[in-house]
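Protein chains: 2
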Amino acid sequence: MERIPILKLGQFLLVSIQVDMHDRLALSLQDDLTDRIVQTGAHGVLIDISALDMVDSFIGRTLGNIAAMARILDADTVVVGMQPSVAITLVELGLSLPGIRTALNIEKGMDLLHASRDDQEVKEILSASGEAG
Amino acid sequence: MERIPILKLGQFLLVSIQVDMHDRLALSLQDDLTDRIVQTGAHGVLIDISALDMVDSFIGRTLGNIAAMARILDADTVVVGMQPSVAITLVELGLSLPGIRTALNIEKGMDLLHASRDDQEVKEILSASGEAG
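First to last, the sequence lines map onto chains B and V.
Residue numbers for the first sequence follow numbering that gives the first Met the number 0, so the first one is 0 and each next one is one higher.
Residue numbers for the second sequence follow numbering that gives the first Met the number 0, so the first one is 0 and each next one is one higher.
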């Protein structure tokens, strides 16, 4: 069965979507990704869509679902590499990808994940010290 | 036209091959990759083949060509994520992927690239100091 590989990069997981997503493939990606987040304790998921010439409402919803599932498992999701034409089409179709954060490329996406992680840790430390004090 | 995306990760480039490689796709990958090596000055190329259930002689030759081209452009190539069944089939077919270095996963591949880079730098420094002395 066709599967989208999930690559581990340090504390992040990287998924590069290159093929047309159909229902079954999207479901197996959701299953595999949530499994890998739990297995690896990953704190972030990067989804590269630079190979996609088109993002329709199905893919948009799938990306949203993945981001929501990852969030519950304590991992942030960033979609990277969107082509300009894809952004234009998405807005023209009225799809604004709610709940999905984006970055221009993998490196900027990693920076974003690192930054939001640091933020969260600072908040946790502050709230812990607040409780202690 | 279908293209395999090339992702930049620090000083390395990452290519995740997920689709069947035909002649034209292999050629466009070679073109794109050599362009990106020159553009970015990347010192290493990681080729992930974890999605491939089969590697035939054409793909083997393509990987070898890419590694040879990258080497001339001062970049090392490591093929990562090979499935056990692929390794078995390759050897049974008499294909030993000459000139191609492999690693189990992206992280080990990066370590290998870093290590060979450090080695090379040490040698360059030693030869330079030898010349100076």
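Keep in mind that the hints were calculated from the coordinates and are not lab data.
Worth double-checking, as some hints may not be accurate.
[Said to hold, decoys possible] Some but not every residue of chain B turned toward chain V, in silico, with C-beta under 10 Å:
| no. | residue |
| --- | --- |
| 1 | Lys-7 |
| 2 | Ile-58 |
| 3 | Glu-106 |
[Unchecked claim] Computed list of lysine-lysine pairs in DSBU-like fashion (alpha-carbon distance at most 30 Å, straight line):
| no. | chain 1 | residue 1 | chain 2 | residue 2 |
| --- | --- | --- | --- | --- |
| 4 | V | Lys-122 | V | Lys-107 |
| 5 | B | Lys-7 | B | Lys-107 |
| 6 | V | Lys-7 | V | Lys-107 |
| 7 | B | Lys-107 | B | Lys-122 |
| 8 | B | Lys-107 | V | Lys-7 |
| 9 | V | Lys-122 | V | Lys-7 |
| 10 | B | Lys-7 | B | Lys-122 |
| 11 | B | Lys-7 | V | Lys-107 |
| 12 | B | Lys-107 | V | Lys-107 |
| 13 | V | Lys-7 | B | Lys-7 |
[Said to hold, decoys possible] Just some of the chain V residues that point at chain B, by a computed CB distance under 8 Å:
| no. | residue |
| --- | --- |
| 14 | Ile-3 |
| 15 | Pro-4 |
| 16 | Leu-6 |
| 17 | Gly-98 |
| 18 | Thr-101 |
| 19 | Leu-103 |
| 20 | Asn-104 |
Just so it is clear, CB atoms sit at the ideal spot from N, CA and C, and this is done for glycine as well.
We went through each hint and held it up to the structure:
no. : hint                  : in the structure
1   : Lys-7                 : holds, 6 Å
2   : Ile-58                : violated, 16 Å
3   : Glu-106               : holds, 6 Å
4   : V/Lys-122 / V/Lys-107 : holds, 23 Å
5   : B/Lys-7 / B/Lys-107   : holds, 17 Å
6   : V/Lys-7 / V/Lys-107   : holds, 17 Å
7   : B/Lys-107 / B/Lys-122 : holds, 23 Å
8   : B/Lys-107 / V/Lys-7   : holds, 11 Å
9   : V/Lys-122 / V/Lys-7   : holds, 27 Å
10  : B/Lys-7 / B/Lys-122   : holds, 27 Å
11  : B/Lys-7 / V/Lys-107   : holds, 11 Å
12  : B/Lys-107 / V/Lys-107 : holds, 23 Å
13  : V/Lys-7 / B/Lys-7     : holds, 15 Å
14  : Ile-3                 : holds, 7 Å
15  : Pro-4                 : holds, 4 Å
16  : Leu-6                 : holds, 5 Å
17  : Gly-98                : violated, 24 Å
18  : Thr-101               : violated, 15 Å
19  : Leu-103               : violated, 11 Å
20  : Asn-104               : holds, 7 Å
Checked against the numbered hints above, the structure violates hints 2, 17, 18, 19; every other hint is satisfied.
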